[in-house]
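Two chains, two frames, some hints: make the complex.
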Amino acid sequence: MLCRSHRPLADRFASQYDAHRRTATLLAAKPEGLDIDMLTPAELVWLIAAVAKGDEPAFERLYAATRAKLFGVVLRILRRQDLAEEVIQETYVRIWNSAGRFNPAVASPITWMASIARNRAIDVVRKRTEASIEEEPSAMEVAAESPDPLARREMTEELKRLLECIGRLEPERQKLVLLAYYNGWSREQLAAKFETPVNTVKTWLRRSMMDIRECLGL
Amino acid sequence: MVTDEDQLALAAEYALGTLDADERAQADAMIAADKEFAALVEAWGLKFGVLNQMVGSVEPRPEVWDRIREAAGLSGAQLPLLLPETPQPVVEPPPAEITPVADRGNIVAFPREGRRWRTIAAATSAIAAALIALVVTQVVRPDLLPEGLRPAPRTQVVQVPAAPAPAPAQYVALLQKDGGGPAFILTVDGASRNFTVRKVGDAAPEPGKSFELWVISDRLGPPRSLGVIGNGDFTSRPTLAAYDPNIVKNATYAVTLEPQGGSLNGKPSGEPVFAGKLIEAVPAEKR
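Protein sequences, first through last, are from chains A and B. The first sequence begins at 41 in the numbering used here and counts up one residue at a time. The second sequence begins at 29 in the numbering used here and counts up one residue at a time.
Pulled out of the complex, with its shape left as it was, chain B reads as follows (with noise of 0.2 Å):
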């Protein structure tokens, strides 16, 4: 087994790709000469290969896949070429499951007593650093590119169902609780602020009570309703569309646990029960 910090360390700057022209060189000599290292190189690769989970699909031109035949050496024979010969760029409409619930949006007004609520926002960001949230900004789009690059109009953007379309940043939270998985994550559109809340825990409200998500900012004072968290696995809203964006960004989310349908006077009736905030990882790039 590696122990080497120098070689640790290496293996894990090769796999996160900041190693210079150079230094790829000699490390790619050592994972020729050296299976452990290679191994650890690997094992790096595929511990971050999960990050492009997050990355929005592009359909490449139909004739790469002609140019892969061709370097591979296929045979083609018995094939009649259906899939570059027919891209339909077609955008597939969103998933059904995903409902906006359709129960009241209630951004309440608040008198100012938002004190108590300061606290349990400091309080919350503490827990926060345990907390992960992360932006993908879906920058990279065919349209985007300079224009003498461009593939032509009619395969110019497929859109793959999968990973719908690329989109603009966006803002992930994961609402949990301090040392525990996450219950709920938070997904906020940076254009259109709609957030999307995700059930991914067991978490479930107490019989006759519901989940209620709350946006806490110090620029806000009291803490401010997003609306019940409905029953299904995808709340979807547009109520952050109300907020300014530097407050979407940096505020803390909390649910907490309400009288059926929310709560009644607009302010929270306790302690957040998961909590988490957006941090910003990819922000747009501007070189």
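Just chain A, with the same shape it has in the complex (with noise of 0.2 Å):
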């Protein structure tokens, strides 16, 4: 089981870290079963806190705790595995190096990091032009078997909040919104998929954000 191999590494922790030590400890006591990747906002905050001081150990554990996730959000976007660990490989030099940057009150640990490798993924995905993405394969068929993972997946009130707020909009908007986030579409691929001239996308998207911007109270 993952959990076991990386619980030397907590018991480490434990010995190098008086400081932390409730903490590491916490960590190390995990029960089996429990992965790394569920390690809590707040073990993930004092991780980054952690890392802020240039501390190695936790920042292997801070990866191993969020590639996955941020792997995903990037791969979904770029279609592309070799891209996909470039954008990883440059959003954890950059957490590396910004740690410090992050500020608990305002962002989730996750949501901070995911914004950072999405954001990548999209200077990667504007730069290159319509025509080299369009080349890849998309062998988009969705296979079955999992039973309904999202039903346990985290739901944060603000995410709540912000699909309440997307779901006010009309439904082909909130395809378009979707859509562009998920997938990281540019106006034109969004403009073919709607069959709709480009500006009239430009033009649906910044109503959307508006209405998006007013519902949030942002």
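Each computed DSS-like pair below joins lysine-lysine, with the alpha-carbon atoms no more than 30 Å apart:
no., chain 1, residue 1, chain 2, residue 2
1, B, Lys227, B, Lys237
2, B, Lys237, B, Lys205
3, B, Lys237, A, Lys200
4, A, Lys242, A, Lys200
5, A, Lys200, B, Lys205
6, A, Lys93, B, Lys63
7, A, Lys233, A, Lys167
8, B, Lys205, B, Lys295
9, A, Lys233, A, Lys200
10, B, Lys227, A, Lys200
11, B, Lys295, B, Lys237
12, B, Lys63, A, Lys242
13, A, Lys167, B, Lys63
14, A, Lys167, A, Lys242
15, B, Lys227, B, Lys205
16, B, Lys295, B, Lys227
Keep in mind the hints are simulated off the structure, nothing from the lab. Predicted model, so just to flag it, every value in this text is computed and none were measured.
Written out as structure tokens, the structure is:
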């Protein structure tokens, strides 16, 4: 089990970092079956604070706890393993260098980290020409099996709130916004998908952003 | 504070990712030069960032960590490289708390008398304007990547328990009262059409009563019961599997208060207490 192989690392934490002994012991004492990825936001905040001080084991642990999430986010947008790996590399180097900038009062650790990764992925995808993106095969068939994983995924109050606001948009625009966010689609791609001129997409996007802004009270 | 609508829209679209490369470069210059604008962009980025909670995890290859360490200039001396060297493609079994409730999975065949409920369905779709639902298609899977780009099979898909398996289309509806927060989150697996109702509010049926879930669609006539919602945090059932996917996607889902154990005659005995619709947000993409 993944968990077992990480335990020595957590134990090392306990012996090396007296100041953080309580947290570290807590980590080490996690019951069998709880994976490293199950770190709570508070534990991630602590890890990022340690990373800001140049703590390499903390960085490794942070990476282990968050890599799959961030990779999922960027792979969805870039659709290519090699590009996604490059973006992940740049993202974590950036996190290593700017962990001190993280403000837990403003966002959860994973939201902050995923935003950095996604932003970088968008940079990459926008700089590539549309043609080179379109070349990639998109075997987008969905496979079955897993019993409703989404039901168990965390859904924070902030997410519910944003979804409520997106849900107030017309159905087409909901789709527009979410396709743009999740798949990193350009206006041109969205225009093709919705069979409408790019300028119309531009107007819809702008209107949708303003509606969401008003709804969120930003 | 930035009040100019063009700038506000620019910041939002930057965060959404829909600016083209030139506009993005311009916005980057503004971010570097204008602290307020930079803060606005970051705020939008974090607002949208919560959407990533819905994205499934995919394990990167172990060598990515080596490259990060090198690029970040880590000493690495004291680390035996535990993580990268011991990839364990383990699929965590689903957490035990998600036990399908073992009472009757009652799909009741209704006589044709759906008129009243059709009205209610119409009324709830009006309510549904304020309700939100979301579809996330978990399409990003290493096994969908082009042949040559796949990682070695041994490390191909490492499932990470917190965000269990990359999944097929996932439909989500927040079931709520008009203007109130959601009481239940309904999730429907696009492939199996199994659904799970997750209790999120503090709504509880009066003593001696039960909450019952119904699917309402013009195409079905009267509402059909999907069963009683159990007392636990999660209630999972396969009872939607019998329905046409298009009905499942477009129906209204409503919760009514019923006698304990569910409606006695297979019909809802009152108006919906909570309701919501599934909205297609990220469809399985076919470009």
